[in-house]
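*Asks:* Protein chains in written order, with the numbering used here: chain A, 1 to 522; chain B, 1 to 322.
Simulated from the structure, these hints should not be mistaken for lab results.
Wrong hints could be hidden among the right ones.
Claimed, not checked - Derived lysine to any residue pairs resembling SDA-like cross-links, with alpha carbons at most 20 Å apart:
#1 Lys-73(A) to Lys-403(A)
#2 Lys-182(A) to Gly-80(B)
#3 Lys-182(A) to His-73(B)
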Amino acid sequence: MIYSTALRRGALALLLCLSAGVATAQDTPVEGGRLDLVVQPEPPSLFIGITTNGPSLLVAGSIYEGLLRYNDKLEPMPSLAESWEVSDDALTYTFHLRQGVKFSDGEPFSSKDAMFTFTKLLPETNPKWREVMRHVETIDAPDDHTVVFKLNAPYGPFIRSFAYTLAPMIPAHLYEGTDFAKNPNNDNPVGTGPFELKEWKKGAYIDLVKNPDYWAAGKPHLDEVVYHVVPDAASRATAFETRTVSVLPGGSVENFDIPRLAKEEGVCTTEKGWEYNAPMSFLWLNNRTAPMDNVKFRQAVMYALNRPLMQKVVWNGYGKVASGPITSTIPFYDKVDPQYDYDPKKAKELLKEIGYDGKPLRLLPLPYGETWQRWAEVVKQNLSAVGIPVEIESTDVAGWNQKTSQWDYDIAFTYLYENGDPALGVARNYITSQITKGNPFANVEGYSNADIDKWFDEAAVAASDDERQALYTKIQTKLQEDVPVAWLQELSFPTLYDCKVHDLVNTGLGIGNSLGDTWIEK
Amino acid sequence: MLRFLIGRVVKIVIILFAITVLNFCLIHMAPGDPALVMAGEAGDADPQFIEDLRRQFGLDQPFYVQLWTYLAHFAQGDLGYSYRQQASVASLILDRLPATLILSISAFVISLAFGVLAGVVAAARQGRWSDSIISTVALLFYATPLFWMALMAVLLFSVNFGWFPAFGYETAASSYTGLARAWDIAQHLVLPAVTLGLFFMATYVRITRASMLEVNRLDFVKTARAKGLKSSVIQRRHVLRNAILPVVTLAGLHAGQLVGGAVLIETVFAWPGIGRLMFEALQSRDYNLLLGVFTVSAALVLLFNLFTDLVYRVVDPRIRLA
C-alpha cells in the first residue's frame, strides 16, 4: 500500500482547494467561455492510440484519458482509476475503475475497454507500451471495474506508466477486430475526456466542445476550446499580441520573443508542466571514431562549453544547466561529482595531453528553428576557442533523423524526453542493447559499458526505491566520469497566457492533460 | 476548336504521367524516410515500430514495385493514402484546394486589373510626375521580399490599426453561414491577396507600360490618329488590344506559379491552402501526399496554360490554335 499515503495527501489537497474556493470569490471557477490556443505544428492525427507526437498529445489529452494523472512531483493521482493498491511484494497492481464513466458516443467505459487497450491495441501500436508489457506476467479483469496486473518482477516505473500519453483508454466497441491504422474513428476520436471534437478544419483550427456526459460533476468549466494552427512563429506571436489566442503553449514562439511578450500587461508565464517529459538536451559525441572515442577529449569538450552563457543568452535564462544525465525533476536524480564548469584552459590542457591533431569535426544542429541554429553557433565558437575546428552541417528534420540514426555525424544536437522515470527515458541512451542502427531515439553515441548495463537493469527491477536510488547514484557518478555525451541543458518551454486564464497547468504533463479544470475569469 | 481541345487534353494526360514518374523518382532520392520522421515526432521508437511503419508505407518493397503500384493506382484516379495523416490524399487535397484557389485567383485578378490600369496610365502620361510615381512604386514592390511585405502588412493593418484579421481563412470556430461567412472570408482575404498580388502587379505595370509605348509608335496608330479618331478610343481599341498580348503570355506563366508559389504567403497568414500542405508533406517525407499535391498543381498549371491559349484567341482572332 505504498501509494495510499499519496492518495490521502491528494484528497487533503482537494479539500483545501475547495475550502479556499469558498473563502475567496476570485478563486471560484467561472462557468462557460471559450479558450483559444495555438498548436504547433498541426497534429497529423488526434488518435493518440497510434500517433503520439507532441501536438497530437496536446490536443487529444482533452479527449482521451488514462487511468492515472501525475502531479509535478510525478506522484500518481486518480483519473479513470479511482483508487489502486500495490501488493507488499510490489508484484500485484490492482486498479479500481471509476463507475458511471461514458465515452463521448454514449457507450459506458469498463474494464473491457481497459483490457482491450492494454493487451491488444497498445502492444501493436506503441513501442513504449511494449517495453512496459515485457514486465507484465498477466492482466485480469475480475469484474467490470477492476483491472489487476501481475508483474514477473518488481518494476519501479510501472506506476508511472498510466498517463494518457502512454496509455489512453480506447473504446473497444469501435476498435476491436479492425485495422487500427485505417479505422474511420481515427478521424473522429471517441474518448472519455472532458471535451469532444466538434470540427477540425485542416490547416486552420481544431474546435473542441464540452462533453456533456463528462464523469466529473461540474466539469469542464469551459464550453469550448479552439486550437489555432499558425505555421509561422512570428505570426503566432502576433496572434497572442492581438489576443486572438490567449495561450501560447511551451515551444510555440521563438525563445527570444518570450521576454518581450511576457513583459506585456496581463500576461503570465509558467515553466511548469514539463516535469514528466523532462526534456534533456545534449550533444551526441560519436564514441566510435577518433577523437571522440577518447574520454579525455570528451571531458575537454565539457570544459570548453560555456553552458551558463548558453542558458542565459540563447535561452534567455529559461531552463537549467544540466548537472548530469538525469533531469532534476525526475525521480532518483542526484547531483554528483565530477561537475564540469566552464574552464577553457583545462580543456586545452586535456587536448594537449592526448595529442589532439586539430582534426576538423562535423556538427549537426537540430532543425527546430532559430534558437537551435544559434545554439549550434555558440557551441562552434566555444570549441574553436580551445582549438577544435567545427563545421556546421545543417539539414531538415528528415535529414537529421537519417544522419543520426545512421551514425553519420561527429557531434550532434539532440534532446530526449525522460518519460517520468530514468528506466524509461534515460537508460535507452546509455545501454549497450540500445545500440541499433536506424533508430535515432536510442544509444546513438555508441557508448558501451558492462557495469552501466548491469546497474540500469538492476535499477529497473529493484524492489525498493532506496535500492533504486543507490544504483542510479552509482550510474550518474560513472557517467559523469565517462562523459559519453556532452550534457547541455534541462530544457524549459515556458507557457505564455492571459492572466485571466486559471488552472491551466495542473499536472506534471502540462496543458495537454488538464483543460478539464481550466476556467476564464470574467 | 474541338479537335484542338481533345488534342490538348490528351497531351495534358501524357505530360501528367511523365511528371508523376519524374516526381516519384526525385522524391525518393531525398535523404530520410517517413517512418523515421513519424517515429521522431513521437520521440521514441523501437526497431519493430519503425519496421511496421515501413511496411505500412510500402517502403520495404523494391523501388520499381513501389513506382508500379503508385502508377497503377494513379491510372485509376486513386492518389493513395497518407498514413501519417490517416486520411486519403484526395480528401486532404480537396479540403485545402478551395482556399488556395480563392487566394490565387483574387491575387491574380487584383494584380492584373490594377497592373494593367496603372501601366496604361503611366504610358499615357509618359515622362510626367504621375508616370514617375507609378514606375517607382512598381519597382519598390517588385524588389521587396514577399515575406517582409507580409509581416509589415500584418504589423500595420492588424496589430496597429486593427482593420483586418492578422491570419486565417475565416474566424475560427464561428457559426457564420451564407453571406455572413462570405463577408468573413473576404475580410480575411484582403491582406494575403493584396500582398501576394503586389509583386505580380509590379511586373504587369512595367510590361504594360513598355508595350503600350511600343505599339503607340506603330504606323496603324498614326493612321488611326490621321483618321481623326478620339485619343481614348485609339488607346482602348487599337493600342491596348495589341499591347496586352505580352501581358497575357506572362500572366499565363504566373497563373501556374500562383498555385504552388503561395507557400510563403500561406505560411505567414496561416492560410489553409495546398502550398502549406505541400511544404509539410515535404518536411515529413509523406510521399503519397507530396506526389498528390505535385500532381494536382501540375494539372492546374496545364489547365491555366490551356486557358491562356484560349484567351489569346479571344484577344486577337488572328492567332491560330494548334
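*Asks:* Confirm or reject each hint.
*Replies:* Each hint, compared with the structure:
1. Lys-73(A) to Lys-403(A): Distance ~36 Å between Lys-73(A) and Lys-403(A) Cα, so the pair is violated.
2. Lys-182(A) to Gly-80(B): 13 Å, holds
3. Lys-182(A) to His-73(B): 18 Å, holds
When the structure is compared with the earlier hints, a violation turns up for hint 1 alone.
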